[in-house]
Amino acid sequence: MIFSPFTELFTAHPHIFIGKNHPLANKDVVSMDELEEYPYISFEQGDH
Numbered sequence: 014m015i016f017s018p019f020t021e022l023f024t025a026h027p028h029i030f031i032g033k034n035h036p037l038a039n040k041d042v043v044s045m046d047e048l049e050e051y052p053y054i055s056f057e058q059g060d061h
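Mind the numbering: the sequence shown is residues 14 to 61 in the working numbering, read in order.
Since the hints were derived computationally from the structure, they do not count as laboratory data. Among the hints, erroneous ones may be present.
What the hints assert, rightly or not - Across the chosen pairs, the derived CB separations fall in these ranges:
no., residue 1, residue 2, range
1, S17, N39, 41 to 51 Å
2, E50, S17, 18 to 28 Å
3, F56, H35, 17 to 27 Å
4, N39, F19, 17 to 27 Å
5, L37, S17, 36 to 46 Å
6, E49, F19, 24 to 34 Å
Ideal placement from N, C-alpha and C gives every residue a C-beta, glycine not left out.
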């Protein structure tokens, strides 16, 4: 099976998903330093 080259559909900027009662929930912008103290799960897309 031959696959066609990867076609980028869109560029997604970094996001965080937190609950409405999280201490950072009312902020418009959150820095990496502010996130550092909280546990997290991350995902790196890679090339495909």
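Okay, the hints, checked on the actual structure:
Checking the proposed 41 to 51 Å range against S17 and N39 shows it holds: the Cβ atoms sit about 45 Å from each other. As the Cβ distance of E50 to S17 is approximately 44 Å, the hint placing it in 18 to 28 Å is violated. Checked against the hint of 17 to 27 Å, the C-beta distance between F56 and H35 comes to roughly 19 Å, which is consistent with it. Restraint check, N39 to F19: a C-beta distance of roughly 38 Å breaks the suggested window 17 to 27 Å.
In this structure the hint that L37 and S17 lie 36 to 46 Å apart at CB holds, the actual value being about 41 Å. In this structure the supplied range 24 to 34 Å holds for E49 paired with F19, their Cβ-Cβ distance being about 33 Å.
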